[in-house]
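Engineer: Spelled out, the chains give:
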Amino acid sequence: MSLQPDLPEEVVALAATAEASPRIARKSFGQRAWRELKHAPITAWIGLLIVAIYIICAVFAPLIAPYSETALVGDAYEPWGDQFLLGTDQLGRDMLSRLIFGARNTVGIAFLTTIFAFLIGGTLGLLSATLGGWTDQILGRAVDVLMAIPQLIFALVLLSIVGTSIVNLIVIIAVLDSTRVYRLSRAVAMNVVVLDFVEAAKLQGEKLGWIISREILPNILPPLVAEFGLRFCFVFLTISSLSFLGLGIQPPLADWGSMVHDNATLINYGDITPLLPAGAIALLTVGVNFIVDWFLHKASGLKE
Amino acid sequence: MNAILKTVLQRLALGFVTLFVVSALISASVELLPGDFAKEILGQAATPDTVKAFEKQVGLDRSPVTRYFSWIGGVLQGDFGTSYVAREGYTRTVVSLIVPRLMNTLFLAGMTAITAVPLALILGMLAALYRNTLFDRLINVTTLTAISSPEFFIAYILVLFLVARAHIFPALSTVDEDTGFAERIYRCTLPALTLLLVIVAHMMRMTRAAIINLLASPYIEMSRLKGISPRRIILHHALPNAWAPIANVIAVNLAYLIVGVVVVEVVFVYPGIGQLMVDAVSKRDLPVVQSCALVFATTYILLNLAADIVAIVTNPRLLHPR
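In order, the protein sequences belong to chains A and B.
Residue 1 is where the first sequence starts when you use the working numbering, and the numbers rise one by one after that.
Residue 1001 is where the second sequence starts when you use the working numbering, and the numbers rise one by one after that.
Simulated from the structure, these hints should not be mistaken for laboratory data.
Any given hint might turn out to be false.
Here are the in silico distance ranges between beta carbons for each label pair [said to hold, decoys possible]:
| id | chain 1 | residue 1 | chain 2 | residue 2 | range |
| --- | --- | --- | --- | --- | --- |
| 1 | B | T1050 | A | L217 | 52 to 62 Å |
| 2 | B | V1269 | A | I46 | 30 to 40 Å |
| 3 | A | L217 | B | G1227 | 47 to 57 Å |
| 4 | A | I64 | B | T1050 | 46 to 56 Å |
| 5 | B | S1217 | A | N219 | 21 to 31 Å |
| 6 | B | S1063 | A | S68 | 50 to 60 Å |
| 7 | B | F1069 | A | D75 | 53 to 63 Å |
| 8 | B | A1216 | A | L63 | 44 to 54 Å |
| 9 | A | R141 | B | F1069 | 13 to 23 Å |
| 10 | A | N168 | B | V1269 | 18 to 28 Å |
| 11 | B | A1053 | A | G270 | 47 to 57 Å |
| 12 | B | F1069 | A | K298 | 51 to 61 Å |
| 13 | A | L217 | B | R1137 | 31 to 41 Å |
Just some of the chain A residues that point at chain B, by a computed CB distance under 10 Å [what the hints assert, rightly or not]:
| id | residue |
| --- | --- |
| 14 | T43 |
| 15 | D144 |
| 16 | I149 |
| 17 | L152 |
| 18 | L159 |
| 19 | I161 |
| 20 | S240 |
| 21 | F244 |
| 22 | G246 |
| 23 | D271 |
| 24 | A278 |
| 25 | G279 |
Bear in mind the structure is a predicted one, so any value in this text is a computation, not a measurement.
We put the CB at the ideal spot given by N, CA and C, even for glycine.
Chain A on its own, in the form it takes in the complex (with noise of 0.2 Å):
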């Protein structure tokens, strides 16, 4: 079995039994990928499309934007023409190149918010789910008192308390979500838990560690990856919500939700430039959430 030379004997032994029995040949991960893109909906190209642009303004931002995001590089407020194409916002900053790393402080930020809420709600859903009994009890019950307070009400309290800043942001909001998190994994790895080839390998003696890493993580897997997706669009959201509220992302770093907030005045104007980056907002949570909703259409097998 060439295939897998990383693996212990006794498992390449097994593969070698399940390999015999009549099967699809084995396609790369390539391969696989592109054939389910070729019937994906377009939906699904949309979202993967725009979730792609995003992921090039914010890897490739100082590349990409003219000027930089903290310079005064105008007047106050000056419109969209050759030199700043989409104006300068209420400081004398080129919109566009805030526009652009905005992509890169506030996405960024989301993303590892969203990270750290898996790491902490996933690990403790999947002892809970493993372990059950009093770590069961004591996490759930903690949960359940976090989730009685509404998620922005709450961290408005904590930062009242810890002071404003990117650190005490994602802190704060991945333990609130993690709440979710915690919930959702413990609630499918509960299914995986009881069936026998967990029961197998905790009489063959396994650690927790591998018992939780090998044998029930790649069997939730799917839930979790459609969670992920969608808990990302939701902690993105708070976060502008903070942001726009003055209480998140502090300036001089550009970011979406306070670039709305900052120049808000020109709307009355009827300038439409301080909804570009509430619109980027919502344009990179439309696209995230058609690439969930594909997702999810086919992890459940098609069904209604």
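Since chain A is already given, all that's left is putting chain B on it; use the hints.
Structural biologist: Chain B in isolation, oriented as in the chain A frame:
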């Protein structure tokens, strides 16, 4: 009926326990205060004496348990403490700050709820009945876009078209005690419309999912096979079982409404409790923040409790949890 009463009482008791724990949590979060908090609030010029006096006011010199009980004892008697922020030389009690603003918020939320709930339920049911048609797909994409947008995006789009271009509504929804009822409704229209769009989208999607879930159940298929008219299936067979999920949808979305109200109030400078809280957070005015949080959390818990109780009353199966 006796069993129902017992379960409802149990739920109520559970709700009060949750309220107690949540209020304790809000009070305990003060423990996270950084050490130099007094300095930050009072400024660098604070003398050790004023710092000490301030810490005494916050209650940092007492144990968390005593502090909690003196706070919650005050709250139960209608005394929410005093704001840190002095205005025109004197500090105001939290109650005098919160009460008028809470009334404003309730007015806005009530106005939204009265219009949003029937609209969303009707549209959701229509989408469920005509699922997979063009109408349904159109609604699906529109509502998805609406719930994916931050509230302030929808708010400013409305401002752009209805204020800046068409000049129908005022840009700011400032109201005070002297504003008449009709004037108040007129000024609240834009914030209410923003909330309406978000809430209706959420509620519709959830109603649609709940109804479709229900229509897929075997007994509905059976009644369809018997040849009963669709109208009768919906009204006599589906609807009685749909009340629980629908009540749940309404409660969840009203709970969502009280959170969404924060952002919308800031956009339209509406003097509600959400804006009060945001202001208090940026000034780190803890008594106001905690009291606002308590008000929001209580509403949230009560709404969820109400949904639970409606679900139990309309679905006797829930009386016997497995």
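Engineer: If you test the structure against every hint from before, which numbers come out violated?
Structural biologist: No numbers; nothing is violated.
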